[in-house]
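J.: Each chain, letter by letter, is given below.
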Amino acid sequence: MNFKWTLLAALAVSVSTPLSLASFAASAGELEHPAVPFLDASGAKVTDSGAPLSTMKTCGACHDTDYIASHSYHVSLGSDAERSARFDAVTYDGGDPAKLDAAGLDAWIREFGGRHVGGGFATPTEMNCFLCHLAKPAVDERAEALQSGAFEFAPMATLAATDLVAKSGTSWQWNASAFDADGAPEPEALGLTAPGSANCGLCHGAVVMDHKQPFFLAPSASQPETATTGAIFSPGRIRRSGMNVAGKDALSRPWDVHAERLLECTSCHGSTNNPAMYNEATSTRPGHLKSEARRLDISEFLRTPSHDFEKGHVAQAQIGADTAGTMRSCEDCHDATTTHDFLPYSARHFESMQCEACHIPSVNAAALESANWTMLGTDGEALLSYRGVAGDPNDPRSLVTGYTPVLLPRTDPGKSAKLAPQNLTSVFYWFDEARGERVPLATLRAALLDGDHYASAILAGLDANKSGTLEGEELQLASTDAVDAVKKALVVAGAAQPVIKAELKSYGVHHGVAPGNWAVRDCSVCHGEEARFSAAVSLAPYLPGGVRPTDLGETNVALAGTLEVLPSGGLVYRSDPSQAGMNPLGFEPDRLVDRVGLWLAVLTICGVLIHGGTRIFLSLNTQVPSSPKEAQA
Amino acid sequence: MKKAVKFYSLHERIWHWVQALTVIVLLVTGIEVHAPGSVHILGFELAVVAHNVFAGLLLLNALMGLFYFLTSGKMKQYVPGESGFFIKAVRQAQYYMGGIFRGEPHPLDATPEARLNPLQKITYLMILNVLLPVQVVTGILIWGAERWPALIAKVGGLAILVPVHAMASWLFLSFIIMHIYLTTTGHTPLANLKAMVSGYHEEETEV
Amino acid sequence: MKAKHYLLLLLIVFGVMTATTAMVRYQSLGGPARSDAWDHMPTPAAHVNHSKFFTDAFADGPAVTVACLECHDEEAGDVMHTQHWQWTGEAVNIPGHEGTQKIGKKNLINNFCISVESNWPKCTSCHAGYGWEDGSFDFNDSTRIDCLVCHDQSGQYIKGYAGNAADGVDLLAAAKSVGRPNRTNCGICHFNGGGGDAVKHGDLDQTMYFPTKDIDVHMGNDDFACVDCHTSQDHEILGRSMSVSVDDTAGIGCTDCHDQAAHENDRLNAHTATLACQACHIPEFAVREATKVDWRWSEAGQDLPITDKHVYMKIKGRFKYEREVTPEYHWYNGTANRYLKGDTFDASKPLKLNEPRGDIHDPTAKIWPFKVHRGNQPYDVVNKTILVPKTVGKGGYWTEFDWDEAMRLAEPITGLKFSGKMGFADTEMYWPLSHMIAPKERALLCVDCHGEGGRMDWKELGYDGDPARRGGRKVQGLEAAQGGK
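Line by line, the protein sequences are chains A, B and C.
In this text, residue positions in the first sequence follow our numbering: the first is 1168, and each later residue adds one.
In this text, residue positions in the second sequence follow our numbering: the first is 18, and each later residue adds one.
In this text, residue positions in the third sequence follow our numbering: the first is 5, and each later residue adds one.
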């Protein structure tokens, strides 16, 4: 399994490395950070001991690293409840790693540690400052070090792109010539920076700051924001990228207008106690104060910067819920009332829709549609289907048609529901009812695969055309026999009572904002029978085991529409905004009143025609006068 | 001998035709707002604006009309309740359903002081005093969904207001079809139309 | 009777209602009123077909001119006042020099082929006249005006030695075809300056005959002729080239047609006080064909096994050509300094032959995009002046490859004393760009200047740092009441 993970990591890396290099072409400016002696875990200089670096001790000389590590949801992954509720449909990571025993935690760190900053419950590791504060952190080397079990070398491995370290076998050595007499590396050699968008992009989503180089990227598990929503944070024009986007020539807009206008992730997602951006929350601030001027001193902030960053409200991965809604949102910088003169009923629009509903009119990239973990590919990963791309999303030649996000009502605490653009997806997985948890990935792989091909028991049950492998419909678990075959294999592998469960997951589309003149201006996009609400959104190409997901569970996004299974077996969603209390004029899926009224009018016309026709007929054909006057004449 | 009898004053005729034209514009723009795909005349945005403007004009016209009918006393003509009302109504209905084909005379000989037959009285009462107010009020509330969201929510929100407004519109449409047709049941098919334009009914008198 | 008035009344009422609707609609949906640039397009004069006026063949160019002058005598007088004929401008004061002088192509030094003086017959093949072979050319002889170079529409009119019509040109056909100047009339000279296509300007080359919309939006998308922007008054064609003019009178600019606040976005409009339109709307020059960016005369005269004329020519030296070049950005208030023949200079640093004037403190100066042509050229080590060699003709460098002789032959013509000791000085020439205007879909993005790796050198321009983070020159307190240097 480690080998497979390496292979997958290598694949993801080979796609993301050129990307990360491109993304780093323009990261945040260099800090003038003083030279800092590198210390090991015991506090001795690494140039003396040769031992690996301890970020807690080294950076802790000036910055309160205990405070930082304990005020960071990137470290803690939220509270116990929040950790337990995790389920990443793309990587299958979920549950509370803090509850694992030592061996389980070791395995978790090897498998998923590359996507965790270290420290907190992941006790053999330390919070790795370099991931965000270095200009070019070597995330792949770090992931390799973690995967091989050499946890203590992870921070050193992150420095692989500098001259400070050299790899030797599976461990790392210090390059003594790069350090001064105090055991501190030259600041220029180290290259500490303020966290740039590219640093965030390493784990969160595609960030390509070098807009001069045409780039291509495929959805990847290492960039979940892009994989799940298609959002790309880049200042470059879409038409100049290397993506095969349909209608590219007309798309002269930048991928994301905020990236183009020089904003960084930290412009909106800063530290909650950063004195430059701080304002006391409305809930505690007295009514007579617009803004609280008393705040942390800058030097205090540098010593104890909270790493609980400001964030919004997302339906997925709800960790760090107490920082939800603290981020800079549209209204904090933009005053919509001065720029929407053209919009009738603007207050009504602002009240019923999020800004993104019109300002992210479409997403010009592929995004996840369905994650099927009930069967695996021969690589041991899920069967993922994507929307917005015709063909294999890893192939640069596939046409990227993009998609229009569906509008679902999102209710933030203390606010009324607003329609927000979302990518609505489905996920299917095996659930062990006896243990009350998802069947672990290791069990799944043990049951379904034998090395890099399917287990013979599985082939026996599912390989209808006896081709020796499973493909196409054979993977869909369309018959009860197929489902039973897999169940048997799972039981053998250790899952006591496996059943298929299905869930809907909605991912908010907030990045990839278009410039103002590209926003939706045409009323008929929402007001009319051809409104975007009327389009059926495909949620899954087929239903494994026939299991249907029903709703979005307990998230701040709700469905406002109906789920329907097509004759072809696929699942689609049809919007009905009236279910959310929204009634856009001109769009009414059920026109009972109109049908009745039309019939009434038609009947009236018929009555008039018959009555008048009779009168005309009579006056022409008989002596009966058509009017009293004629009668008198 | 022909005699021209003044039936409709200038106030009434202006009021009538303004009402007619605004209602027709409202119906057309209304259908464009309600079902944008079915009609493409002004475009959704302009249809909304036109609908609002003409609705305001309709309201103004209706209020002026109300004022006129009340102060001139002509309101009495619209009020049913004279003796034998029901019988007269049935007679009128019989006329329309049979007598008219046989060339019988109108049961009601209309005079300027008593212009409306019972069926007309009932219809206009419903139209002007029930349907029109409902239409206007729901229309104002739909327009005001922006300004008075709390009030709108109290009456059930757009989910109630829009279907009611739409149903009333269809009823208005049916009324107009019938109304235009029924004006042809006068002394001559065009007599009533001419009267509503010139104000005068031309009649033969016995003299 | 009453029905008529009635109807009229109703029509009025209806008209009022419709007008109200229209007003309400356009009130709420209109934006700031922006004037339409097309309103400023010149209306061409009506075309007069000249084919019936000429019947006999013409012996030479001047013979055609004589025929033209039968009707257009006044225009001849006008032409003789212009720079196209005189190859100098009106007398102006050149900063750093006393009094006023007339300067122009006739007497200025550049760092391409250096100077027209003593080399006329080759250079004057692009003179709007016939027979300028040497310094004795009579600028008052109106029969020597070349009408055809600008007005020929037959497409086969070519000039050669000393500006005379080339052999084999059918002058009668050319005369019959005359009309409003088209792109070829201008381009045949202006695209080939410096000795070949695309050499000199960087933003003027043969791709401008039929550019695509992406190369130049006016020529490629809107079907402009050169003369649509370069309008003329009495044959004085408006437009200024910083290579031969130091002032900004009789120039043309974007705002002749476009609003200064031409953008919907207020932030972009705020840039127009500091940036020339061209800075954002010409993202690159030499978009399709490479232009010369470096010319080392010092390497001339060697027999090298290089056949690529874009790399080396024995008569001229070594070159560098580039395409899709990022411009350099400098302050420019419309006036320039000019090195004049005979000026002394300090050879220890590159000599700027025509430096744009203006700086961050000058409120009339804006940041412009420039092509900068660098190179080295002969100079007198003792007298510290740039030398003019005779290159063309008998005894010239291009036949004899003898610098000494070239300088001595030129000396009596140019008046430049030659001490006998010659070196090569580094020089620079600045060419402000105004052509190859990209469509707005290709204009620069914020990150092109303000992002990491942006193309502006803020410190060099005089800013403390990126104005996007520190504020513009007004905010940074840099715009002083007094003018620039």
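Please note that a few of the clues may not be correct.
Unchecked claim - As a list, the in silico DSSO-like pairs of lysine-lysine whose alpha-carbon atoms are at most 27 Å apart: (1) B/Lys-23 x C/Lys-8; (2) C/Lys-217 x C/Lys-345; (3) C/Lys-320 x C/Lys-217; (4) C/Lys-217 x A/Lys-1415; (5) C/Lys-318 x C/Lys-345; (6) C/Lys-345 x B/Lys-211; (7) C/Lys-217 x C/Lys-318; (8) C/Lys-320 x C/Lys-353; (9) A/Lys-1415 x C/Lys-444; (10) C/Lys-425 x C/Lys-353; (11) C/Lys-356 x C/Lys-126; (12) C/Lys-126 x C/Lys-318; (13) B/Lys-20 x B/Lys-93; (14) B/Lys-91 x C/Lys-8; (15) C/Lys-106 x C/Lys-345; (16) C/Lys-463 x C/Lys-478; (17) A/Lys-1379 x C/Lys-463; (18) C/Lys-126 x C/Lys-398; (19) A/Lys-1212 x A/Lys-1334; (20) C/Lys-217 x A/Lys-1379; (21) B/Lys-93 x B/Lys-23; (22) B/Lys-105 x B/Lys-91; (23) A/Lys-1379 x C/Lys-324; (24) C/Lys-425 x C/Lys-388; (25) C/Lys-370 x C/Lys-444; (26) C/Lys-313 x C/Lys-398; (27) A/Lys-1379 x C/Lys-444; (28) C/Lys-345 x C/Lys-320; (29) B/Lys-19 x C/Lys-8; (30) B/Lys-171 x A/Lys-1582; (31) A/Lys-1582 x A/Lys-1457; (32) B/Lys-20 x C/Lys-388; (33) B/Lys-105 x B/Lys-93; (34) A/Lys-1633 x A/Lys-1655; (35) C/Lys-398 x C/Lys-425; (36) C/Lys-444 x C/Lys-345.
What the hints assert, rightly or not - So the derived label-pair ranges between C-beta atoms look like this: (37) A/Gly-1414 x C/Gly-466: 41 to 47 Å; (38) C/Lys-444 x A/Leu-1198: 24 to 30 Å; (39) C/Arg-292 x A/Tyr-1234: 55 to 61 Å; (40) A/Gly-1492 x C/Asp-468: 53 to 59 Å.
Source of the hints: derived by calculation from the structure; they are not laboratory data.
Everything numeric in this text was worked out from a predicted model, so none of it was measured.
We put the CB at the ideal spot given by N, CA and C, even for glycine.
J.: Looking back at the hints listed earlier, which ones does the structure fail to meet?
T.: 2, 3, 6, 7, 32, 36, 38 and 40
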